[in-house]
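Enquirer: Below, each chain spelled out in residue letters.
6 protein chains.
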Amino acid sequence: MRLETATWVEVERRLSAGNAVALLPVGAQEQHGPHLALATDTIMATGLAERLADQLDALLLPTLPYGETWTTAGWKGTISISFNTLVALTTDIGAALAAHKVAALIIVNGHFGNSAPLEQAARALITQHNLPTMILNYPGIEQAAAAVCESTPAAPGFYHADEVETSVVLALRPDAVQMDQAQPEYPQFPPTFGATPTRLDTFNRSGVFGDPRPATAAKGEQLLTLLTVSALSVIRAFLAEHIR
Amino acid sequence: MRLETATWVEVERRLSAGNAVALLPVGAQEQHGPHLALATDTIMATGLAERLADQLDALLLPTLPYGETWTTAGWKGTISISFNTLVALTTDIGAALAAHKVAALIIVNGHFGNSAPLEQAARALITQHNLPTMILNYPGIEQAAAAVCESTPAAPGFYHADEVETSVVLALRPDAVQMDQAQPEYPQFPPTFGATPTRLDTFNRSGVFGDPRPATAAKGEQLLTLLTVSALSVIRAFLAEHIR
Amino acid sequence: MRLETATWVEVERRLSAGNAVALLPVGAQEQHGPHLALATDTIMATGLAERLADQLDALLLPTLPYGETWTTAGWKGTISISFNTLVALTTDIGAALAAHKVAALIIVNGHFGNSAPLEQAARALITQHNLPTMILNYPGIEQAAAAVCESTPAAPGFYHADEVETSVVLALRPDAVQMDQAQPEYPQFPPTFGATPTRLDTFNRSGVFGDPRPATAAKGEQLLTLLTVSALSVIRAFLAEHIR
Amino acid sequence: MRLETATWVEVERRLSAGNAVALLPVGAQEQHGPHLALATDTIMATGLAERLADQLDALLLPTLPYGETWTTAGWKGTISISFNTLVALTTDIGAALAAHKVAALIIVNGHFGNSAPLEQAARALITQHNLPTMILNYPGIEQAAAAVCESTPAAPGFYHADEVETSVVLALRPDAVQMDQAQPEYPQFPPTFGATPTRLDTFNRSGVFGDPRPATAAKGEQLLTLLTVSALSVIRAFLAEHIR
Amino acid sequence: MRLETATWVEVERRLSAGNAVALLPVGAQEQHGPHLALATDTIMATGLAERLADQLDALLLPTLPYGETWTTAGWKGTISISFNTLVALTTDIGAALAAHKVAALIIVNGHFGNSAPLEQAARALITQHNLPTMILNYPGIEQAAAAVCESTPAAPGFYHADEVETSVVLALRPDAVQMDQAQPEYPQFPPTFGATPTRLDTFNRSGVFGDPRPATAAKGEQLLTLLTVSALSVIRAFLAEHIR
Amino acid sequence: MRLETATWVEVERRLSAGNAVALLPVGAQEQHGPHLALATDTIMATGLAERLADQLDALLLPTLPYGETWTTAGWKGTISISFNTLVALTTDIGAALAAHKVAALIIVNGHFGNSAPLEQAARALITQHNLPTMILNYPGIEQAAAAVCESTPAAPGFYHADEVETSVVLALRPDAVQMDQAQPEYPQFPPTFGATPTRLDTFNRSGVFGDPRPATAAKGEQLLTLLTVSALSVIRAFLAEHIR
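Chains as they are written, first to last, in the numbering used here: chain A, 265 to 508; chain B, 265 to 508; chain C, 265 to 508; chain D, 265 to 508; chain E, 265 to 508; chain F, 265 to 508.
Please note that a few of the clues may not be correct.
Identical copies look the same in the list; a pair holds intra-copy or inter-copy alike.
Claimed, not checked - Distance condition first, Cα-Cα at most 20 Å in a straight line; then the derived SDA-like pairs of lysine to any residue:
#1 Lys-365 - Leu-320
#2 Lys-365 - Ala-410
#3 Lys-365 - Thr-391
#4 Lys-365 - Leu-279
#5 Lys-365 - Gly-338
#6 Lys-365 - Val-273
#7 Lys-365 - Asp-465
#8 Lys-365 - His-506
#9 Lys-365 - Ala-337
#10 Lys-365 - Ala-504
#11 Lys-365 - Arg-463
To be clear, the hints were calculated from the coordinates, so they are not data collected in a lab.
Looking at chain A on its own, in the form it has when it is part of the complex:
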C-alpha cells in the first residue's frame, strides 16, 4: 500500500488487520557527478522500498528527499540537513506510526551519511515509543556489485555516481541519467580519510567515484533484484523477532 495515494479509510482497514509494517525510504539531495541526478539516492531508496513493500504487503511511506550530506556540500545543488534535524524528522514520523499501532518500522536508507542519525532515531523509537525499528543500508551491496559490475570501486564499499548507482538509476528512472556526460574519476584519497571530517570536493573534482561508463539498465535491474533478496532476508529475521 502506497501511503501517498491511499486514503485514511484504507489505512485504518489495513491497520485493523494487525501486524502492519511500515517502510520509510530516506534519500538525499546530493551531487552525483555530471551525469546523474541530484536525487539519485532518493530514486534508489524509493525503488528498492517499492519492491520490498510489494513483497511484504507493507505500508510504503512518502520518501524523505533530503538527507545529511555534509561531505558533498561543496558542490552546487547539494542540500544537506543537519544531523539533529534528520534525527528529529524520522523520530517524529516513527512516533506517529507508533501512535497508530503500526507494528514495526523499516527504514530503507539510500545515503551513507544518513546512517548515524537514523541509528539515533531508531534507538529513540525503540526505547521511548516501543516501536521496533530497523535501518537497511543496502545490505549485500558489496556482493551484488562484485557479481554484476565490471569496474572497480574507487574504494572498498564506496559506491557513488559509479557503475553501481548509474545502473540502478538507469533501471528506475532513465530520464535522470545523461550517459553522454558519464566520465570516470578515481581520486586519490587523502591518508587521513575516515579519521578527520573531510569534504569530498577537497580531493575529487567531478563528483564521480569510479567509472560509470559500463552502467546499463539491465545491470541495474540485476542489482535491484539482488538487493531486494538480501534485504528481504534481513527483514524476515527482524520481523520474526518482533512480530508474533
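Knowing the structure of chain A, use the given hints to seat chains B, C, D, E and F on it.
Expert: Quick look at chains B, C, D, E and F alone, frame taken from chain A:
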C-alpha cells in the same frame, strides 16, 4: 529546472548566471476523507510549484512530503512532524541555498498548519542567513474558489477534502481520487474553535469539510490557473523588492 | 481573586473548593506611536482580564509584560522575547497550575504576535499536562470596533495605536496616553505583506496605524464592555466542555 | 523613566543622549506565609528599582513577575518557571536592549532562587551581546536587617516572610499584608540543607521563616533607604568601570 | 569499591546486597598559579572521595576531570565546559546509576564553579529519576582552614592556589606541586565582585589568591582528615533520611 | 606535557612556541567481562595517548572516563552518557583549546560507540572554531591483532574483552585484570545485528567476545607498539596538511 533530475553541473551553470530563485513545495501526509489521497497537500503544492517554476525559470526543489498536522492526527494515516522539526528542516534547506548564493527562496505551502512554523523559518533565514524568503499560502484561493466552485465551504476560507481540493487533485493526479467514495460533511464547529487547540476528529467523522461531489478536473485546472496568476503577482512584487 | 496580593492560604482554600479557573494576561513591551505607552498591550490585556476574573470568580495571575514583538523591534523601546521563550514561559506557568490542580487556564492575549507561540504552549499543556487551555485574542473586536469607533482601520482587523487601542487605554490608564501627540498615519502596506516576514518600520514612520484622534475614554469603556461580553460567551462554552 | 508608560519617541530621545542605563526588576510568584502576598518579591524588587531609577535617571523596565521558585512549589499559589526559561527570558530582554544601544543593564533581583539563572544570563549578555550586566541581590541586606529589625532570622542571611520582608511590603503596598495573620515559625533546618535540593515545605509548615510580628511600615522605609544606599554604591562602581 | 578497576560481576554482586551508594568526584582543569597543577581540583576531589568511599563501603565512580571554569578561562591551560554540558553529563551519569538501582548518589565537588550546575543536575535526578542526590562542596572547609593554616585567605571562604589547596595537593600528589614557584598574591577585589560576572584575570596576575608558601603535606593531611569528618557527618544524615 | 600536572605558566610557554597539538583520550565506563576492569577503554586510550604525546611533544589532556555505551547498558557498572552529551562535552573542550590558539586536536578514542558523536564534535570544531580535529579509532588494529594474537575475534574487527584488549590492559595496568576469571564466549550474533539497535546482553551472557585466555602483557606491549606506529603515520599526514 527540476533539482531532482538536474545534475550539479547544470545547477552550477544556472547559479553562475545570477539571480537564481528557488521554489520549495511543502506538503503534508494527512487524512483527506475517504476519497482523497493522504498526500493531497503534497500533490497540490507540487503541482502549483511546477507551474510557477516554469513561469519563473526557477530552481524547483524536491517537495517536503510531511508537514505539521497535529489537528488531524486522530485519523489513521496522518503523520505529523512537530512545529520545531519543520522549522529546523526548512531552515536547514534555506541555509544550504544561501550558502550556494541562491538569491531568494519561495516556499509554496500546501497545508495551513505549516504556516506558523514556516514563518519562523523564514525569519531565521532572513535575519541569520540573509536569504529573502517568502511563503505562499495559496494566495487568492478564496476568490478562486468562489469563482469556480458550486458548493459552500464548511467554514469561510476552510478548504479541506472538499470541492476545491478534490478538483485540483483530479486535475493533477486523478489516480489519487476515488470519486465514488466522495460524500459531503458539514460539521458543526464547536464555539471555541480557534480559541483552543482542537483536534478536528472531535467534531468531524469523515474527514471531509464541505461537499466534494461537484468536483471536476476542469474546475481543478481553472483553480490552478487562478492560483498561479495570484501567486505570480505576489512573487513579482517580492522579487522586485529583493532582486536587482 | 488577584494572585499577586493573595496569600497561599487563600489560594489553597479556593482550590479546595474545586473547579478553579486561572486567567493569565499576556501583554507586550512594544511601540504604540508617539502618544501611547509602550505597555499598551499589557494594560489592555490586564484590564480585560480583571473584568473577566470578576465575572468568573477566577484566579487572576500576574500579567506577563513581555511578548513576541519581532515586527516592531525597529522602534526604540520595543523589547521582544523570542517565540521559543514565550512558549517555554507560558508552558512552565501552566504546568505549575496543573500541578496545583487548577481546572483550566484562560490566556487573555493582548498582542497579535503572541498568538502562534501561545498556541504551541496550549497544545503542550493540553497533551502533556492535561490542562484545558484556551487563548482569547480579543474575540469580537472587529464588531466592537465597527460599532464604537469612527475612524477606519489601516487594514481590516488591524488595530494598533489607533482609535480602538487609544480609547481603551484612555479608559484604563489615562496617564499612559498623550493625546496631544496623537497623529494619524495610514501607511501603504507592501504587496508582499503577510507573505514574507516584514518589520513594520519598513513602511510606517510613526508607529500609528490609523487615526487615534477620535479616541475617548467613553469609547474605550464601551469597547471593553463589548469585548468582555464576547469573551465571556466563548469562555462559558469552553468551561461547559471541560468543567463538569 | 518608566518604560511602561513612556512612548518610543521618549525612549529614542533618551537613548540619543547616550549612556542610558536600564533597570530590570525580577520578582517571583511565591508563597510568603499566611499574611503576605504571593507577589512579595515582585513588590520589593519593583519598589527598590523605582528608587534606584529615580536616583540614576535610568530606564525602568517592566518587572518580571515570575521567578525560579522550585523550593516553595509545594505551597499553593507558588508558580515557578524553570532555570532555563528564566535564563532565556532575561537574555532575550538584554539582547533587545543591546540592539537599542543601551549602555548597561542592572538587574534588581527580589528572589534568591533567581540568582543562579540570572548569573548565566548576565554572562551571555556580556560575552555574546557586549552588554555590561550586573545583578543586585539586595546588597547590604544583612547589615540593614541587623540595624533595623528586632527579631532573629530563621537562619543567617535567610529572610522570608519575616520581619524584614513584611516591613518592606508594609511600606510599599500595605494592601498586600494581613498583619492579623502574621505568626512566627522557626523551623528546624535539616542537617543536609544546602547539600541536597530541598523543598522547604518538607520542614516548614506556615511558609514563614522567623517572626513577622514586629514588622512596621516605618522599618520597611528604613530598610529600603539602607538598601538603596548600598545598591547605589555598587552601581556607581559598576558604571564607573563600564560607562565612560 | 573503585568502579574503574572493578568488573561488572563485582558491581552486580555489590548491588544485589542492596543500599549501594555511589560517590562521584567532580574536578576541573583550571589554572592554579605557577606552582600548582592544573588538575588541582580533580586531585583534591578524588582524594577526598577515596577516603569517603573507604569509610562508607561506597562505589567510587571515575572522576570527572573537567568542570565549569568560566572565571579562569583567561589563563592558558584552563579548559572550561559549559553550564549546560556539566548538567547533562552528571544527569546522564546519575540516570545510569538509577537504572542500576543504586540507592543514592553523593557528588564530591572540587570546584566552586561547578556548584550551580550540579544543583540543577541533582534536582533532575531527584524529581525525574527518583535518585536521592547530594553535593558536597568541601563542608567545613572554613573551620578546617582556620584550624590548620597560618596565612590569611585572599577573601573569606575563598581558597584558590593558596596554603589550603597547596597543602592538600602536597599530601595527595607531591609531584603536582612546585614549591619553588610558590609566590603570594593578595589581589584587590573589584567593588562589583559577586554582582557582575567577572573573569579573575582582570584583577589577579599570578592565579594565586593568598599565600601558598606556608603549605606542607602534613597540613594537607590534617585538612583532609577534618574535611573527611565533616563530610561523613553530612553524609550520614543524608543516608539516614534516604536509605532505610 | 601532561596537562593534569602542568601549570598554566608552563602551558603558556609551550603555546607561545607555536604549533602546539593537543591529544584528548576518550574512554568509557563499560563492562568488559568478569576479568577486565570497567575502565578498560579508558586505560587503553590513555596508554596509547601517552605514547603518542611523548613522540609528538604534544599537550596531553585529561582523559574523559565516560563514553556513549548504550549497547552494554544492560550490564551492571556500565555508565553511558548520551550521544548529545558527548558531542557537547568534546565540543566545549575543543572550543577552549581553539581559544588558547592550540593548532590542532587529536582525539584518541578507546570505544567504538564514541565514534559517531566524536565525528559530530569534530565537524563543529572544524567549521565553527577553525580547529583542525582528527579522531583515532585504533588505526591498524585489525592488522596488529592478526599479527600478535592467537585467538579468533568473535566477529571481524570486533575486539571486546578478548585477547587483544586483555593483553593491552595487562601491559598497562595489570591490577585491572583478573586472569583467573577469564573465560571465552563466542556468541551467536543475531542476523539483524548492525541493522537494528541491539543491546549486546540480548545475545551475550558474560560480556566477553572471543577468548581472552591467551592474553599476555608481552602481546599487549607489541600491540601498543604497532598501534602507536599506525597512529603516528596518520597523525603525521594530518599535521602535514594543517600545520605549517
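Enquirer: Among the hints numbered above, which are violated by the structure, and what are their numbers in rising order?
Expert: 2
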